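Number of protein chains: 2
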Amino acid sequence: MPQASLLKLAVCQYAPRLGDPEGNAARGCRWIARAADAGARLIVLPELASSGYAFATQGEAELAAEGLDGPALGRWGESCRELGVFVVAGFCEQGAAARFNSAALMGPEGLIGVYRKAHLFYDEQSYFQAGDSGFPVFDLPFGKVGMLVCYDLWFPEAARVLALAGADVICVPTNWVANFRHRVADERGWIMGNYASVAVATQNQVFVAAADRIGVEREIEFIGSSCIVGPEGWVLAGPASRSDEALLLADLDLSQAAARKHRTPRNHALGDRRPELYGELSVARPPTSE
Amino acid sequence: MPQASLLKLAVCQYAPRLGDPEGNAARGCRWIARAADAGARLIVLPELASSGYAFATQGEAELAAEGLDGPALGRWGESCRELGVFVVAGFCEQGAAARFNSAALMGPEGLIGVYRKAHLFYDEQSYFQAGDSGFPVFDLPFGKVGMLVCYDLWFPEAARVLALAGADVICVPTNWVANFRHRVADERGWIMGNYASVAVATQNQVFVAAADRIGVEREIEFIGSSCIVGPEGWVLAGPASRSDEALLLADLDLSQAAARKHRTPRNHALGDRRPELYGELSVARPPTSE
Numbered sequence: 001m002p003q004a005s006l007l008k009l010a011v012c013q014y015a016p017r018l019g020d021p022e023g024n025a026a027r028g029c030r031w032i033a034r035a036a037d038a039g040a041r042l043i044v045l046p047e048l049a050s051s052g053y054a055f056a057t058q059g060e061a062e063l064a065a066e067g068l069d070g071p072a073l074g075r076w077g078e079s080c081r082e083l084g085v086f087v088v089a090g091f092c093e094q095g096a097a098a099r100f101n102s103a104a105l106m107g108p109e110g111l112i113g114v115y116r117k118a119h120l121f122y123d124e125q126s127y128f129q130a131g132d133s134g135f136p137v138f139d140l141p142f143g144k145v146g147m148l149v150c151y152d153l154w155f156p157e158a159a160r161v162l163a164l165a166g167a168d169v170i171c172v173p174t175n176w177v178a179n180f181r182h183r184v185a186d187e188r189g190w191i192m193g194n195y196a197s198v199a200v201a202t203q204n205q206v207f208v209a210a211a212d213r214i215g216v217e218r219e220i221e222f223i224g225s226s227c228i229v230g231p232e233g234w235v236l237a238g239p240a241s242r243s244d245e246a247l248l249l250a251d252l253d254l255s256q257a258a259a260r261k262h263r264t265p266r267n268h269a270l271g272d273r274r275p276e277l278y279g280e281l282s283v284a285r286p287p288t289s290e
Numbered sequence: 001m002p003q004a005s006l007l008k009l010a011v012c013q014y015a016p017r018l019g020d021p022e023g024n025a026a027r028g029c030r031w032i033a034r035a036a037d038a039g040a041r042l043i044v045l046p047e048l049a050s051s052g053y054a055f056a057t058q059g060e061a062e063l064a065a066e067g068l069d070g071p072a073l074g075r076w077g078e079s080c081r082e083l084g085v086f087v088v089a090g091f092c093e094q095g096a097a098a099r100f101n102s103a104a105l106m107g108p109e110g111l112i113g114v115y116r117k118a119h120l121f122y123d124e125q126s127y128f129q130a131g132d133s134g135f136p137v138f139d140l141p142f143g144k145v146g147m148l149v150c151y152d153l154w155f156p157e158a159a160r161v162l163a164l165a166g167a168d169v170i171c172v173p174t175n176w177v178a179n180f181r182h183r184v185a186d187e188r189g190w191i192m193g194n195y196a197s198v199a200v201a202t203q204n205q206v207f208v209a210a211a212d213r214i215g216v217e218r219e220i221e222f223i224g225s226s227c228i229v230g231p232e233g234w235v236l237a238g239p240a241s242r243s244d245e246a247l248l249l250a251d252l253d254l255s256q257a258a259a260r261k262h263r264t265p266r267n268h269a270l271g272d273r274r275p276e277l278y279g280e281l282s283v284a285r286p287p288t289s290e
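Top line first, the protein sequences correspond to chains A and B. Under the numbering used here, the first residue of the first sequence carries the number 1, and numbering increases by one thereafter. Under the numbering used here, the first residue of the second sequence carries the number 1, and numbering increases by one thereafter.
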């Protein structure tokens with residue numbers, strides 16, 4: 001099997017700013033340029049990088065939202081064109097009839113696709129509609145790319161659907177928060193988002209690239225710790241700091257995501273599934289609740 | 001909500017011996033007694049604790065197999081009766097028409113139920129039929145117990161089905177092997193089985209108790225590292241040594257598995273699922289392969 005060329009992937013960890021859409025568009029451009037300077041061809045920005053996170057009113061969310069021809073996507077797409085790179089970035093999407101917490105995939109030729117966050121966390125439910133895009137996979141020159149956003153990682157069904165559709169790498173714009181967790185990190189300094197990233201990688205033998213943000217908005221504390229994980233679950237870069245900006249880089253041979261699907265000569269990460277035993281997964285509500 | 005009393009759970013890490021069924025039955029009894037002495041009420045033994053793992057011929061597997069009235073289950077059930085404890089133990093099951101790599105749940109009143117490993121690893125496929133039991137959950141005085149065996153942990157569908165059926169704790173007899181892994185452990189000393197255990201815990205907000213074995217059989221190296229994980233994914237005990245015997249103990253409030261399902265006042269680990277988007281999970285074969 002011919003060795004695929006390596007893909008340099010970058011994960012950008014920084015703090016978008018609530019109420020500063022122009023600044024956020026410019027901030028994204030600077031990080032894309034910085035990552036491209038470092039040789040990256042695929043670059044991941046955080047969740048809601050266009051808008052910030054902690055909306056307090058519908059008006060704020062409305063003002064921060066943009067369509068697919070909006071200013072942040074426009075400027076980031078321009079950067080992709082100029083620099084010849086691909087970018088996955090979280091943005092506040094104004095759809096035809098609703099707002100979504102979305103991730104856009106852009107390349108040198110412009111916008112390639114959009115994923116709308118399927119699993120909304122806490123007050124996101126006040127400002128966004130749960131995603132209706134399903135879990136699309138995009139076939140790029142260097143491999144197949146899927147996207148998830150933050151809380152999606154705790155729903156292994158989502159990553160599994162991406163893997164079944166052939167994803168080699170799952171890019172995860174995220175805004176992991178300290179709130180609601182009784183404990184933020186363990187003695188090693190890992191947050192649960194790091195474990196959730198490893199989980200999805202090892203269960204599916206895919207690469208995972210999680211770009212988190214830092215900073216505080218209206219008492220919501222974001223906890224950085226961005227990471228890049230390989231298809232056998234070992235961390236390739238990060239976790240980054242919980243409070244500082246960071247640019248994580250890793251050289252990925254995306255063909256390994258497919259090659260390593262054979263866990264042994266007699267095992268395949270997806271072929272070994274027993275869907276005939278998984279019937280309960282189509283149940284909409286938990287049968288038990290306290 | 002009344003605080004449930006704590007359950008002391010024990011995970012027993014030791015080396016069953018191939019070709020020594022009587023010794024294995026006695027070994028299991030000794031570990032059950034040791035765990036009960038330490039105050040444990042629920043005790044987990046490794047995978048194939050009755051038989052050892054690395055069969056080389058059908059005859060060996062046949063000799064090692066036993067029915068539900070077999071000698072190992074009989075003796076361990078006796079221990080449960082005498083000591084008033086519950087035991088989950090891996091055993092080589094002779095069914096009516098096939099052999100299974102199974103886990104038995106026994107209590108003071110005798111055998112409670114059996115789970116047959118659904119996802120077979122490597123040469124297990126030569127000696128066992130893939131499990132047909134589905135993923136049963138058993139309602140015990142202290143909480144709801146599900147079982148998985150080893151490689152099952154890499155199929156998040158399995159743990160999810162258990163969680164949807166109300167499991168508070170998933171007991172995992174396992175025989176994690178070093179072979180086939182390009183890397184056995186990371187700089188922290190964790191093996192991928194530890195991450196797989198954390199994955200299942202955090203994705204489902206359940207307790208996970210993984211009892212691994214140690215030792216070498218026919219060039220297959222087992223790597224211990226047993227662990228007990230809490231419903232938010234943090235490790236409560238272990239990982240144990242990769243080469244030495246170990247008794248791990250933890251006091252679990254199993255009611256937390258249900259209580260913590262509410263990740264926030266507006267989120268529920270199972271209720272937030274989007275089954276209408278998970279259609280691909282019923283696909284039997286991966287649509288792409290290299």
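Wrong hints could be hidden among the right ones.
One copy or two, either will do: identical chains are not told apart, so a pair holds if it fits within one copy or between any two.
[To be verified] Calculated cross-link-like contacts (lysine to any residue; reagent style SDA-like; alpha-carbon spacing at most 25 Å):
(1) K8 to A178
(2) K8 to G59
(3) K8 to D251
(4) K8 to R183
(5) K8 to N267
Source of the hints: derived by calculation from the structure; they are not laboratory data. Note that this is a predicted model, so its numbers are computed, not measured.
- Message: When the structure is checked against the list of hints, which entries are broken? Sort them ascending.
- Response: Of the numbered hints, 1, 2 and 5 do not hold.
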